[in-house]
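**Q** What follows is each chain in one-letter form.
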Amino acid sequence: MEAPSSLPHRFPFHFVNLPSEQLAHDIAKRSILVKGMYELWGEGSSYEELKDSVLSYPDERKFPYLDSDSTFKITVDSFGKVISLEEQNELIQGLSYIPFKGRVKLRNPDHNFWLIEVDNYGGNNGLPPIVQKRIFFGREVGGADRKLIPTYQLKSRNYLGPTAMDAEMAFLMANQALATSGKLVYDPFVGTGSILVAAAHFGAMTMGADIDIRVVRDGRGPNCNVWSNFKQYGLPMPVGLLRADNNLPPWRPTLKEVFDAIICDPPYGVRAGGRKSGGRKLLKGAVKPYTVPDDKRTDHIPSTAPYSLVECVHDLLDLAAKMLVMGGRLVFFYPVLREDDFAESHFPEHPCFKLISSSEQILSSRYSRVLLTMVKTGPYTEEIAEVARIKHMEFKENHVKWLEDGNLHSAVFSPADGQLTEAGDPKLIKDPKPKYRGKYV
Amino acid sequence: MRLLTHNMLSSNIKGVVNGFPLRIEAEKVVEKTVEMNGEFLKKMFEKVDWKALVDASRAMGYTELPEEVDSSILDSDEFLNRFHHALLELHLEEGALVCPETGRRFPVNKGIPNMLLHEDEV
Numbered sequence: 035m036e037a038p039s040s041l042p043h044r045f046p047f048h049f050v051n052l053p054s055e056q057l058a059h060d061i062a063k064r065s066i067l068v069k070g071m072y073e074l075w076g077e078g079s080s081y082e083e084l085k086d087s088v089l090s091y092p093d094e095r096k097f098p099y100l101d102s103d104s105t106f107k108i109t110v111d112s113f114g115k116v117i118s119l120e121e122q123n124e125l126i127q128g129l130s131y132i133p134f135k136g137r138v139k140l141r142n143p144d145h146n147f148w149l150i151e152v153d154n155y156g157g158n159n160g161l162p163p164i165v166q167k168r169i170f171f172g173r174e175v176g177g178a179d180r181k182l183i184p185t186y187q188l189k190s191r192n193y194l195g196p197t198a199m200d201a202e203m204a205f206l207m208a209n210q211a212l213a214t215s216g217k218l219v220y221d222p223f224v225g226t227g228s229i230l231v232a233a234a235h236f237g238a239m240t241m242g243a244d245i246d247i248r249v250v251r252d253g254r255g256p257n258c259n260v261w262s263n264f265k266q267y268g269l270p271m272p273v274g275l276l277r278a279d280n281n282l283p284p285w286r287p288t289l290k291e292v293f294d295a296i297i298c299d300p301p302y303g304v305r306a307g308g309r310k311s312g313g314r315k316l317l318k319g320a321v322k323p324y325t326v327p328d329d330k331r332t333d334h335i336p337s338t339a340p341y342s343l344v345e346c347v348h349d350l351l352d353l354a355a356k357m358l359v360m361g362g363r364l365v366f367f368y369p370v371l372r373e374d375d376f377a378e379s380h381f382p383e384h385p386c387f388k389l390i391s392s393s394e395q396i397l398s399s400r401y402s403r404v405l406l407t408m409v410k411t412g413p414y415t416e417e418i419a420e421v422a423r424i425k426h427m428e429f430k431e432n433h434v435k436w437l438e439d440g441n442l443h444s445a446v447f448s449p450a451d452g453q454l455t456e457a458g459d460p461k462l463i464k465d466p467k468p469k470y471r472g473k474y475v
Numbered sequence: 401m402r403l404l405t406h407n408m409l410s411s412n413i414k415g416v417v418n419g420f421p422l423r424i425e426a427e428k429v430v431e432k433t434v435e436m437n438g439e440f441l442k443k444m445f446e447k448v449d450w451k452a453l454v455d456a457s458r459a460m461g462y463t464e465l466p467e468e469v470d471s472s473i474l475d476s477d478e479f480l481n482r483f484h485h486a487l488l489e490l491h492l493e494e495g496a497l498v499c500p501e502t503g504r505r506f507p508v509n510k511g512i513p514n515m516l517l518h519e520d521e522v
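Note that the protein sequences, when read in sequence, are chains E and U. Per our numbering, residue 35 is the first one in the first sequence, and the count goes up by one each step. Per our numbering, residue 401 is the first one in the second sequence, and the count goes up by one each step.
This is chain U alone, in the form it adopts within the complex (with noise of 0.2 Å):
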């Protein structure tokens, strides 16, 4: 699960008012190359939720995301390439979202969340 994934999700059990951002249980983190596409990225800053994708990326072992941004940042390079490992290349192949609210864990096996609710969550 990318980080962009994970910045799009949240506890969606019923009565849950603040499921968003899940907190992340890293149990194993790899990173896959992806090819970097600007367009991409600038369209993508418009729709990140940006101290959920800093905290994120922390829990995920990076700490190369700087606190406060705004798009002026989007000029520089540098940045466009750390957006980009953070958001698309940290991927969590094994471990857990979990709700800020319940504390429910939504399991993580072979990079892909599991957010199916049980019977008593719907």
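Pulled out of the complex, with its shape left as it was, chain E reads as follows (with noise of 0.2 Å):
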């Protein structure tokens, strides 16, 4: 999936070899971010190249989409110029070379034929320049439901919360899962549910996991709540929402290798704080632990405590190195320091797992964060597994430590001149202090 090697690195357009068209029809089904897919019958930097190359095209190519029985419609497009009504015109009725004998429809014609002139940018509107002008004529075969990121958009649901998933974020999430019929995918921090949304679009069970008991079961009455969000669009249901904390997750210990894909956006502690069980306990260091009376455990409300980045990030690693299938995908966002040097190496690594893509999406001039997706190669191990054991175990008495080291907050939203001196050590970030209970964790 190349573009030619003389054209520049941002030009619009990919050119694939696909084996069918019925391919090409699948793969625009599933494409969020591509616009349209296009059989390519010529191309040229000037129009009668054009038109040699056109009419060079195999007939047999050509004629099942021009006969006298079919509808279409020409489209002028164009990147980097604007191309006025007039030349439009002008510039279909050049094509007269091409023999259609159909009718023209504007809406919903049987094949929509393409005419797209990419052009140098003239250096006046600040895009990086184009090279050289290139034209292009070709018939679609697909592209991506233009109606999907308007029917799923944020503003139309009925339950959000802060961190609500935007909606082609989520979708791109959910293909990254290579979420599809017949899969498990699983969200530990589930909230409002909108990633699990984009999944159970795409046709997988969901489950979903949190530990905010008001997100997932309470929402905002009847019918705006997690289910509500899945109801709204006709979607099926989650097959499991459970209240559990990432960091002592419940599952029975000889269940492994059951999710196909686990997909999550972490609480990493700058719109929304991640919380894990315990905090009193922590909170008075090595005091004995609160017991609860045994007249009040019914309605207990426990107290959580912060959940540093460090930890949260190897609980979902260790989770998903155990949980997911063989092959099995872990699709997540990581937060990353722009005064970093942004290098792969920098992200998290596990032995079961391969870095097979991330995609950085700039937040501010602070930081950004990367969509990570890793496959699952190796199986967990013993040895793993104890490995893991010894770090939760490390985590849970240096928890203050680790909050420090992993306080995100104060590095992205403290005064922009303490930055010099906290680069070099995070244990300089000003304010580590934890704060329990409170919304700046």
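Possibly wrong hints are sitting among the right ones.
[To be verified] Non-contacting residues of chain E with respect to chain U, defined by C-beta distances greater than 10 Å in every case (computed):
| hint | residue |
| --- | --- |
| 1 | Arg-137 |
| 2 | Ile-390 |
| 3 | Lys-435 |
[What the hints assert, rightly or not] In silico DSS-like cross-links for lysine-lysine, where the CA-CA straight-line distance does not exceed 25 Å:
| hint | chain 1 | residue 1 | chain 2 | residue 2 |
| --- | --- | --- | --- | --- |
| 4 | E | Lys-290 | U | Lys-428 |
| 5 | E | Lys-107 | E | Lys-85 |
| 6 | U | Lys-428 | E | Lys-265 |
| 7 | U | Lys-447 | E | Lys-265 |
| 8 | U | Lys-442 | E | Lys-290 |
| 9 | U | Lys-432 | E | Lys-189 |
| 10 | E | Lys-430 | U | Lys-414 |
| 11 | U | Lys-451 | E | Lys-290 |
| 12 | U | Lys-428 | U | Lys-443 |
| 13 | E | Lys-85 | E | Lys-96 |
| 14 | E | Lys-425 | U | Lys-414 |
| 15 | E | Lys-139 | E | Lys-85 |
| 16 | E | Lys-139 | U | Lys-414 |
| 17 | E | Lys-265 | U | Lys-510 |
| 18 | E | Lys-435 | U | Lys-510 |
Source of the hints: derived by calculation from the structure; they are not laboratory data. Each residue gets a CB set at the ideal place from its N, CA and C atoms; glycine is no exception.
Both chains come to you apart, so use the hints to assemble them.
**A** Structural data, given as structure tokens:
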């Protein structure tokens, strides 16, 4: 999938060779960012060259789409320049060398043809220049469903949380996870279910957990909760939702390799702070844990402690290594400070996983988030489990230290002049004192 | 909560050795129709703890699952229908999951089990 080397890197098209039109349809159907797929009938750097190229394209590839029983439409599109309606009409008239026999129909024609001109931007609109003029003519084979994103956009969603995943991004994540019918997809930080909605749209069975009962159970009334978000779009409900802490997952010890994909946006503490079980105990350090009086056990709401980014990612990778099937995918967002040298070596690693893609989304001058896609390539062994267990204990013992190290919120929101001294040593981050139960975590 | 979820959960209270299966206390069981997917069922058949599923379905008032099974039974459509019903359509709306070792009740409200531990259990 590569443009010819003569074309610049930021060219708006990719050239693909596909074995069948059906395959092109299938790809287009799952596409989110691909606007259209075209069977290229010809191209050239001038309209004369385009004509020669189209004429030399095999007739048996063209004639089935030109016959008199069909309807068609030609659209003129351009990148880097504006073509007036008059010019567009002239250009369409100029295609008379193609023997169109069908009837023109502007709404829902049988065949859509595109004449696309890419030109030198001339440096006048701030976009990177395309080196040379290029003209393409082709037949539209398929394209992303243009109604998909508007249908699912968050502003029409009944139940939203502060960090609900943008619909387009949720679909991209579901695609990275290869969500499809017959697969089981899990989100350990399910929130209002926005990522699972996208996975369910593609036919996957979904399951989610969250530490916050208000989010997963109560919502804002009978028609405004996680379930209603699925009902709203006529999607199958999640097969399981539970209140659980990913730091102390309640899965039965003998269970493994059950999820086909894990997709999530972990609470790394910039917009919503991560919480885990055990607040009071950790707050008082070595003091004996708070004992809940027997008469208060039934409705007791356990306190929670802030969850450091490092520990959160460790738990996620350990869970995924154990619970994903071989070849299953872990898709999640990972925050990076943009002062850091952006390199793959900075991303979390795990012996069971191979990183197959990373896509940066710049969020501010200070930090970005990267969508990581990892494939499970190795089995979860006793040794890996043991290493994870030791690490888990280390996190428990050095809770405050890890919080300081992993306090992304401070790094992102602290005053700019402090950044210089902080970059080298995360311990110098201003006000690293963990605050319990507050929003500043 | 579907029995698929029940089959995956255990009591993870600190010190508990045999936290599975959680005993079901059913107060309100509802049935929710789910589209059947044979491929999914066959995969899940390999993963579920069969005895726990049979016992759980009985606690929910469903007695059609056979006690003993092997993978050859997957060729039977009748079996797949029953398995599908037990695994995905029986839904515990209100009740509790009880830790077999300590008797600790994990409440299930509005179909969602609360597996969160108290401070002195972690």
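**Q** Taking C-beta pairs only, is Ile-390/E more than 10 Å away from all of chain U?
**A** holds (23 Å)
**Q** What's the verdict on Lys-107/E and Lys-85/E, does the C-alpha distance respect the 25 Å limit or exceed it?
**A** holds (19 Å)
**Q** Starting from Lys-265/E, check that the Cα of Lys-510/U is at most 25 Å away, please.
**A** holds (16 Å)
**Q** Mind checking the alpha carbons of Lys-85/E and Lys-96/E for me, to see if they're no more than 25 Å apart?
**A** holds (14 Å)
**Q** Does Arg-137/E clear chain U by more than 10 Å, comparing its Cβ with all Cβ atoms of that chain?
**A** The assertion about Arg-137/E holds, with a minimum of 41 Å to chain U.
**Q** Between the alpha carbons of Lys-425/E and Lys-414/U, is the straight-line distance 25 Å or under?
**A** holds (17 Å)
**Q** Take a quick look at whether Lys-432/U and Lys-189/E sit within 25 Å of each other, Cα to Cα.
**A** violated (29 Å)
**Q** For a C-alpha distance cap of 25 Å, please report whether Lys-435/E and Lys-510/U respect it.
**A** violated (39 Å)
**Q** Need the status of pair Lys-290/E, Lys-428/U: alpha-carbon distance at most 25 Å?
**A** Measuring from Cα to Cα gives roughly 30 Å; hence the hint is violated.
**Q** Assess, step by step, whether the Cα of Lys-442/U is no farther than 25 Å from the Cα of Lys-290/E, and give holds or violated.
**A** Satisfied, since the Cα-Cα distance of roughly 16 Å is no more than 25 Å.
**Q** Below or equal to 25 Å on CA atoms is what counts here, so check Lys-451/U against Lys-290/E.
**A** holds (17 Å)
**Q** Need the status of pair Lys-447/U, Lys-265/E: alpha-carbon distance at most 25 Å?
**A** violated (28 Å)
Violated hints for the displayed structure, listed by number in ascending order: 4, 7, 9, 12, 16, 18.
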